[in-house]
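Given chain A, work out where chain B should sit, using these hints.
2 protein chains.
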Amino acid sequence: MLNNKYYTQDQHGPYEFYALGDFQLESGEILNNAQLAFAVHGKLNEAKDNAILFTIMFSGTSKNMEHYIGAGKALDPEKYCIILPNQLGGGLSTSPHNIDGSQAMTGFPNISIADDVAAQRKLLTEYFGIQELQLVTGWSMGAQQTYEWAIRYPDMVKRAAPIAGTAKCTSHDALYVDVFSDALKSDPAWNGGNYTEVHSCKLGLKRLANVFALMGCCTEFYNKEQWVKLGFGSMQKMLEGFWHAWFQPMDANALLTQAKKWKSGDSSKHAGGDLVQALKRIKAKTYVIAFEQDMFVPVKDCKYEQKYIANSELIVIPSLMGHFAMLGLLEEDFAAINDTFMSLLSS
Amino acid sequence: MLNNKYYTQDQHGPYEFYALGDFQLESGEILNNAQLAFAVHGKLNEAKDNAILFTIMFSGTSKNMEHYIGAGKALDPEKYCIILPNQLGGGLSTSPHNIDGSQAMTGFPNISIADDVAAQRKLLTEYFGIQELQLVTGWSMGAQQTYEWAIRYPDMVKRAAPIAGTAKCTSHDALYVDVFSDALKSDPAWNGGNYTEVHSCKLGLKRLANVFALMGCCTEFYNKEQWVKLGFGSMQKMLEGFWHAWFQPMDANALLTQAKKWKSGDSSKHAGGDLVQALKRIKAKTYVIAFEQDMFVPVKDCKYEQKYIANSELIVIPSLMGHFAMLGLLEEDFAAINDTFMSLLSS
Chain A
1 MLNNKYYTQD QHGPYEFYAL GDFQLESGEI LNNAQLAFAV HGKLNEAKDN
51 AILFTIMFSG TSKNMEHYIG AGKALDPEKY CIILPNQLGG GLSTSPHNID
101 GSQAMTGFPN ISIADDVAAQ RKLLTEYFGI QELQLVTGWS MGAQQTYEWA
151 IRYPDMVKRA APIAGTAKCT SHDALYVDVF SDALKSDPAW NGGNYTEVHS
201 CKLGLKRLAN VFALMGCCTE FYNKEQWVKL GFGSMQKMLE GFWHAWFQPM
251 DANALLTQAK KWKSGDSSKH AGGDLVQALK RIKAKTYVIA FEQDMFVPVK
301 DCKYEQKYIA NSELIVIPSL MGHFAMLGLL EEDFAAINDT FMSLLSS
Chain B
348 MLNNKYYTQD QHGPYEFYAL GDFQLESGEI LNNAQLAFAV HGKLNEAKDN
398 AILFTIMFSG TSKNMEHYIG AGKALDPEKY CIILPNQLGG GLSTSPHNID
448 GSQAMTGFPN ISIADDVAAQ RKLLTEYFGI QELQLVTGWS MGAQQTYEWA
498 IRYPDMVKRA APIAGTAKCT SHDALYVDVF SDALKSDPAW NGGNYTEVHS
548 CKLGLKRLAN VFALMGCCTE FYNKEQWVKL GFGSMQKMLE GFWHAWFQPM
598 DANALLTQAK KWKSGDSSKH AGGDLVQALK RIKAKTYVIA FEQDMFVPVK
648 DCKYEQKYIA NSELIVIPSL MGHFAMLGLL EEDFAAINDT FMSLLSS
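As they're listed, the protein sequences go chains A and B.
If you count the first sequence from 1, position 93 lands on 93 in the working numbering, and the numbers rise without skipping.
If you count the second sequence from 1, position 260 lands on 607 in the working numbering, and the numbers rise without skipping.
Next comes chain A alone, as it looks inside the complex (with noise of 0.2 Å):
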């Protein structure tokens, strides 16, 4: 076991821990006393009918989506009880470097998008005795967890909204993905996945982070050397003090699992791999939001999926910062973000 103090109440919490046990996963294998770390904002009612689900993207915890929930805002903890479900392998909950054991760094199963709903579900069900939610919705591998969620319990799901991601991960996208995670293991001290010291992989995840620093924002969003709206004097400065910064801290294990489970991420597979009968699944009023520019969940891939979701619309969210404005470091993109979960709740 690694001691990352990056992944502690401290940095990311308060969160809690539901204990999955022996988790069965899609594969075949069983995730050993395995460890769903989850935040919850806000208090389910009594009719257990006010709860939101709001799941994780790569890279990210519970903490980072944090911003959206607040008092006014459309995720607002009077109202609703905001549940942020962190992925299996993200960190907090059971990952690579905190289980001890076989399972342990190169020995930790392969891990899918559905099995992390599937985790998510049994916490909402029995331990939160929830049977509708009133919004599922997640951003990059989060929309992949809320297509998921949608076509699989569509009985569930009252209202959907996946943000720049889809059910189904594109070729292009696992080309990326295959792209960043080779940046990350060119690092000799990866040692095919057997480092023994927390933060090992400096090298590496500085390269993965120039990856993700060269698609994460629009190529406008540099030339219009937009870093001084993020404080920052100089491009150079960017990349180390946002990039190399939120990287460099975390668990590699830990990131590459997560992008072996974005790579493979497919609910298809709930319609026989019809993507499109599959979409036709979806009963929840569905948002398919996009970001315009977005380098690598482009608005075309998200539109092509949104077209055949019934009772769905395709929003468009313009902002320089591409894939990355659900960070919400523009204050527009936050406000766009947060008026159309309050359309979308209002709904």
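The hints are simulated quantities; they were obtained by calculation from the structure and are not laboratory data.
Be aware that one or more of the hints could be misleading.
Claimed, not checked - Computed Cβ-Cβ distance ranges for the label pairs, DEER-style:
#	chain 1	residue 1	chain 2	residue 2	range
1	A	308	B	580	24 to 30 Å
2	B	576	A	47	53 to 59 Å
3	A	263	B	623	39 to 45 Å
4	B	577	A	263	19 to 25 Å
5	A	241	B	549	31 to 37 Å
As the list claims (entries may be wrong) - Keeping only pairs whose Cα atoms sit at most 30 Å apart, straight-line, the calculated DSS-like set for lysine-lysine is:
#	chain 1	residue 1	chain 2	residue 2
6	A	300	B	654
7	B	549	A	206
8	A	237	B	650
9	A	224	B	616
10	A	307	B	571
11	B	650	A	229
12	B	515	A	206
13	A	168	B	576
14	B	576	A	263
15	A	185	B	532
16	A	237	B	647
17	B	532	A	237
18	B	610	A	206
19	B	571	A	280
20	B	584	A	185
21	B	571	A	269
22	A	307	A	158
23	B	654	A	224
24	B	571	A	303
25	B	576	A	269
26	B	584	A	260
27	B	576	A	300
28	A	300	B	647
29	B	553	A	300
30	A	260	B	532
Heads up, the beta-carbon is just placed ideally off N, CA and C, and yes, glycines get one too.
Chain B in isolation, oriented as in the chain A frame:
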């Protein structure tokens, strides 16, 4: 000297050499006994006023653009004398791997786009006796050379067609160059540039190739499985049969020399760093050609520069091949580009 059989007459000929002698570089350094490799199609007429200069992109050679030249095509060798100068450091001209002594490999001096253009001007004026060019064109790094020509020698360039490239390397493009250069350098066999065997850096070249695959064609290309049109049965087969196969025979240091040149490309220096004033120097009738869905030289970047060129038009060519439309692998891409050359040459 590494005897790389890829950079030979057998693979890329016929081409000739022009001896530049000890060639003064913009950096102040001298490139010892420099050789400029160039190909010629057609004959220079007696008035020496039928010449077209076609400059070469990153990783390319004069051979790679040959398909645009032929009887009945816009670049007709019956009518024009078409000269294709290979980049310094491009593999055929003097390059890190084919020079002996102190300038070999890591001792290779810094070369700029301006140096290539100065070498080309020497060839055109001193060897051929040319004072006016009917057209200067080039793709990507070739567009950088085209801009440098039109801005630096406005009276020599009658028409210009910079294709999917910019007069000044953008911030995002510079980041792109860093990411693919770092992918190459991550190969331990690169050894800080001090490899001693031809084809040492297979792993790094494969990583670089994957970054090109990621950004080279647009996401829609992959999602619509357009690799089938290029004769590949799967995305993986296209990665191997096209992208890896393209880069793997090349010399790592030659590519890195070109990459540094790409990143530092900046014709604004002819107007004291003022890009707008530099572009206003251009007298040529100019078609700025952009490829729709080009992910590393987006239409917006081309349009930004085009609007400051007095006698110019922006031509946007749609193709799912994105930046790599120029290879003319799809017949419609070739036809659109050829038609554009035709239109410009008849104006």
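A quick look at each hint next to the structure:
Checking the proposed 24 to 30 Å range against residue 308 (chain A) and residue 580 (chain B) shows it holds: the Cβ atoms sit about 27 Å from each other. Evaluation of the 53 to 59 Å hint for residue 576 (chain B) and residue 47 (chain A) yields a pass: the beta carbon distance comes to about 56 Å. One distance hint, 39 to 45 Å for the beta-carbon pair residue 263 (chain A) and residue 623 (chain B), holds here, with the actual separation near 44 Å. The given range of 19 to 25 Å is respected by residue 577 (chain B) and residue 263 (chain A), whose C-beta atoms sit roughly 23 Å from each other.
For residue 241 (chain A) paired with residue 549 (chain B), a C-beta distance near 35 Å keeps the hint of 31 to 37 Å intact. Straight-line distance between C-alpha atoms of residue 300 (chain A) and residue 654 (chain B) comes to about 28 Å, which keeps the hinted pair within the 30 Å bound. With a C-alpha separation of about 22 Å, the suggested pair residue 549 (chain B) and residue 206 (chain A) falls inside the 30 Å cut-off, and the hint holds. Between the alpha carbons of residue 237 (chain A) and residue 650 (chain B) the distance comes to roughly 28 Å, so the proposed pair stays at or under 30 Å and holds.
Distance restraint check for residue 224 (chain A) and residue 616 (chain B): the Cα-Cα separation of roughly 20 Å lies within the 30 Å cut-off, and the hinted pair is therefore satisfied. For the proposed pair residue 307 (chain A) and residue 571 (chain B), the alpha carbon gap of about 17 Å is at most 30 Å, so the pair holds. Proximity of residue 650 (chain B) to residue 229 (chain A) is assessed by CA-CA distance (about 24 Å); at most 30 Å being required, the pair is judged to hold. With a C-alpha separation of about 27 Å, the suggested pairing of residue 515 (chain B) with residue 206 (chain A) holds against the 30 Å cut-off.
A threshold of 30 Å between alpha carbons decides the hint, and for residue 168 (chain A) with residue 576 (chain B) the separation of about 23 Å falls inside it, so the pair holds. In summary, the hint linking residue 576 (chain B) to residue 263 (chain A) is supported, as the alpha carbons are separated by about 25 Å, within the 30 Å threshold. Taking the CA atoms of residue 185 (chain A) and residue 532 (chain B), the gap is near 14 Å; set against the 30 Å cutoff, the hint holds. In summary, the hint linking residue 237 (chain A) to residue 647 (chain B) is supported, as the alpha carbons are separated by about 25 Å, within the 30 Å threshold.
At most 30 Å may separate the alpha-carbon atoms for a hinted pair to count; residue 532 (chain B) and residue 237 (chain A) meet this at roughly 22 Å. Taking the CA atoms of residue 610 (chain B) and residue 206 (chain A), the gap is near 20 Å; set against the 30 Å cutoff, the hint holds. A threshold of 30 Å between alpha carbons decides the hint, and for residue 571 (chain B) with residue 280 (chain A) the separation of about 21 Å falls inside it, so the pair holds. About 22 Å separates the Cα atoms of residue 584 (chain B) and residue 185 (chain A), which keeps this hinted pair within 30 Å; it holds.
Under the criterion of a C-alpha separation no larger than 30 Å, the hint pairing residue 571 (chain B) with residue 269 (chain A) is consistent with the structure, at around 20 Å. Taking the CA atoms of residue 307 (chain A) and residue 158 (chain A), the gap is about 18 Å. The hint holds against a cut of 30 Å. The hinted pair formed by residue 654 (chain B) and residue 224 (chain A) meets the criterion: a straight-line CA distance of about 17 Å does not exceed 30 Å. Between residue 571 (chain B) and residue 303 (chain A), the direct Cα distance comes to roughly 14 Å. Compliance with the 30 Å bound is thereby established for this hinted pair.
As the CA atoms of residue 576 (chain B) and residue 269 (chain A) are separated by approximately 28 Å, the hinted pair is consistent with the 30 Å bound. Simply put, residue 584 (chain B) and residue 260 (chain A) have alpha-carbon atoms about 21 Å apart, close enough for the 30 Å limit, and the pair holds. The straight-line distance between the Cα atoms of residue 576 (chain B) and residue 300 (chain A) is roughly 21 Å, inside the 30 Å bound, and the hint therefore holds. Our distance criterion of 30 Å between C-alpha atoms is met by residue 300 (chain A) and residue 647 (chain B), whose separation comes to about 18 Å.
A threshold of 30 Å between alpha carbons decides the hint, and for residue 553 (chain B) with residue 300 (chain A) the separation of about 29 Å falls inside it, so the pair holds. The straight-line distance between the Cα atoms of residue 260 (chain A) and residue 532 (chain B) is roughly 25 Å, inside the 30 Å bound, and the hint therefore holds.
Checked against the numbered hints given earlier, this structure breaks none of them.
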